[in-house]
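Letter by letter, the chains look like this.
2 protein chains.
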Amino acid sequence: MSEKRIHNFNAGPAALPLPVLQEIQESFLNFKGSGMSITEVSHRSKWFDDVINDAIARIRRLLKLDDTYQVLFLQGGASLQFAMIPMNCLTDSDSADYVNTGTWATKAIQEAQLLEKNIKVVASSEDRGFCYIPENIAYSPKAAYVHITSNNTIKGTQWPVYPDVKGGPLVADMSSDFMSRPFDVKPFGLIYAGAQKNIGPAGVCVVIIRDDMLKRTPKNIPTMLKYTTHASKNSMYNTPPCFGVYTIQLVMKWLEETIGGLENMDAINRKKAKCLYDVMDKSRFYQGTADLSSRSLMNVTFRLPSEDLEKQFVQEALANDFGGLKGHRSVGGCRASIYNATTLASVQTLADFMITFERKNG
Amino acid sequence: MSEKRIHNFNAGPAALPLPVLQEIQESFLNFKGSGMSITEVSHRSKWFDDVINDAIARIRRLLKLDDTYQVLFLQGGASLQFAMIPMNCLTDSDSADYVNTGTWATKAIQEAQLLEKNIKVVASSEDRGFCYIPENIAYSPKAAYVHITSNNTIKGTQWPVYPDVKGGPLVADMSSDFMSRPFDVKPFGLIYAGAQKNIGPAGVCVVIIRDDMLKRTPKNIPTMLKYTTHASKNSMYNTPPCFGVYTIQLVMKWLEETIGGLENMDAINRKKAKCLYDVMDKSRFYQGTADLSSRSLMNVTFRLPSEDLEKQFVQEALANDFGGLKGHRSVGGCRASIYNATTLASVQTLADFMITFERKNG
Chain A
0 MSEKRIHNFN AGPAALPLPV LQEIQESFLN FKGSGMSITE VSHRSKWFDD VINDAIARIR
60 RLLKLDDTYQ VLFLQGGASL QFAMIPMNCL TDSDSADYVN TGTWATKAIQ EAQLLEKNIK
120 VVASSEDRGF CYIPENIAYS PKAAYVHITS NNTIKGTQWP VYPDVKGGPL VADMSSDFMS
180 RPFDVKPFGL IYAGAQKNIG PAGVCVVIIR DDMLKRTPKN IPTMLKYTTH ASKNSMYNTP
240 PCFGVYTIQL VMKWLEETIG GLENMDAINR KKAKCLYDVM DKSRFYQGTA DLSSRSLMNV
300 TFRLPSEDLE KQFVQEALAN DFGGLKGHRS VGGCRASIYN ATTLASVQTL ADFMITFERK
360 NG
Chain Z
0 MSEKRIHNFN AGPAALPLPV LQEIQESFLN FKGSGMSITE VSHRSKWFDD VINDAIARIR
60 RLLKLDDTYQ VLFLQGGASL QFAMIPMNCL TDSDSADYVN TGTWATKAIQ EAQLLEKNIK
120 VVASSEDRGF CYIPENIAYS PKAAYVHITS NNTIKGTQWP VYPDVKGGPL VADMSSDFMS
180 RPFDVKPFGL IYAGAQKNIG PAGVCVVIIR DDMLKRTPKN IPTMLKYTTH ASKNSMYNTP
240 PCFGVYTIQL VMKWLEETIG GLENMDAINR KKAKCLYDVM DKSRFYQGTA DLSSRSLMNV
300 TFRLPSEDLE KQFVQEALAN DFGGLKGHRS VGGCRASIYN ATTLASVQTL ADFMITFERK
360 NG
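First to last, the sequence lines map onto chains A and Z.
The opening residue of the first sequence carries number 0 in numbering that gives the first Met the number 0; numbering runs sequentially from there.
The opening residue of the second sequence carries number 0 in numbering that gives the first Met the number 0; numbering runs sequentially from there.
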């Protein structure tokens, strides 16, 4: 295994742990002695049963979930959740609160509005281009739920701590920081995360849903859009995205057995982020785009003195085997996504490259 | 590569061509020199653009699609299509025809009914346990579309030729025989196929949709459930199931370059099916469950003289490296699924095994 590998700073799909990729590769023609690829075994077989149940058990342990929560593997990404959440959890007589912290939160809001649901945008950071997480928010006492986006990939902001909303349950899009740090699950009624950033390949969305939220599903919405459909069948009402679930299982195993859990993962992730933010804070060449108190530990966004320099930076980085440093096409600039699988060594190498680049061009 | 491999007769997820699995395995840590796995490259990268566009181009060539058709890669399987089709293509003032040929057609019908759409079941083979494809059907002259299920995995039946419905466009669930034979696409307004039987892993559904069907999408349905959303973004409105699309690309390449197109594939598939049906037709031990004129070329379903013998057959088969021969849990009996990737050699070996088993136990 001496394959050339780059330093992968992609925003998603993103880096996966090398030992996980190696295990997939090694067993790809003959999974666990089945004589079949994991892509060829039946989802009703003991092989796949072991995979999905182990994936669920590991997620439960890592997040310390009690029996009131179920773990589901769905399709359609976070984008389909934007619709499923109000369709399942918001009756016509109720209203839900939404906090707008950027592109993905905006999409969640627009989808609820498209479906003619009663929602209230209780706070927004749009006034300053979504560069911060709002504080001191007046949540509605009777909100059916409060929807937040835990980390904002495009603008590089993240909730440092989750808000105490008093009333309704929290519902969170954790696509881009799921499993990156420990947190208290109790205030959450529903958590969802597209896998392709921190825990697996594109094509699976993990949904963690509490019993009380499952009781809200109305009868007349499409079967595949009901959380109850999937909860009652252990995510196998229809054929699940087996390869994605398998990859998630291996990533959870890596998190538990190699990293040693979410506290350790968090400590590593903080070191990685500090490494890059320190370069920026000591420099007038690199300018962070997020307010200090709202900085993301997952997506480090920054600008250079000119767009030409940004272009040159991304190109030279690529030539030095740093991939994915171009900012999102909607905002420009630069972005280093440093999800769980991006190593501290890769981040340190990038920090050195940034310092050298500034020295030559600053 | 001397991995142990079995004869895979799974109904889905099912066998994939060995050269495809080998190519995935070999490039899994470094896709096309990117220094990343295919699961780690961005869906907005040139690497993935090449993958998805080549997959589409090959599907277009194999099916001889003209410019009025678009090829989409969606999530949620055929089960989500059961809802999307009436939601997108059937207004409240129109009615659609459905032909009920078994479990999956029944689910499509029930989903349209759940959504309170006007549909008419114009024919059904339920009277004899779905063991045949109805003939001489009186289709509604003004049907918005006519929905059929081209192949029925559970009961082992298949439309030998597609019906001339005169009025509205055909809509077909081709999940279990897509790309197994050539056919004239012109009468079809929409074709859908879960990948996990003939063309790829679980987690992608191919949808082929004609321009006139795209014009029917109403405004107030969820964004992710609109065909127009995906058609206008080349299936990249949100992150697509990249690994699945990549596998489909390789299977399409295998179909074009190794097999030589759908005519050749059809000839091979007919030989495979004949091989097993010949054993059954020369035997009083193995009894086919489908009417002769409706027999599937993909799923060969049969019974043995007793349930005990069926159990013994499946067990001895497994001990001899034949996997997946147990019938669907809803009907019992035996089933050999012989999709594109199951080789003629595997099928011939199974035929020999069946003859030997009969000799010993008949």
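Take these hints with a grain of salt, some might be off.
Just so you know, same-sequence chains aren't split out, so a pair can sit in one copy or run between any two.
The list that follows gives simulated cross-link-like pairs (lysine-lysine, DSBU-like), each with its CA atoms no further than 30 Å apart [what the hints assert, rightly or not]:
1) 45 with 310
2) 281 with 214
3) 165 with 270
4) 270 with 225
5) 45 with 225
6) 273 with 165
7) 63 with 232
8) 310 with 232
9) 252 with 3
10) 119 with 225
To be clear, the hints were calculated from the coordinates, so they are not data collected in a lab.
Keep in mind that this is a model prediction, so the values were computed, not measured.
So which of those numbered hints doesn't the model satisfy?
Violated: hints 2, 3, 4 and 6.
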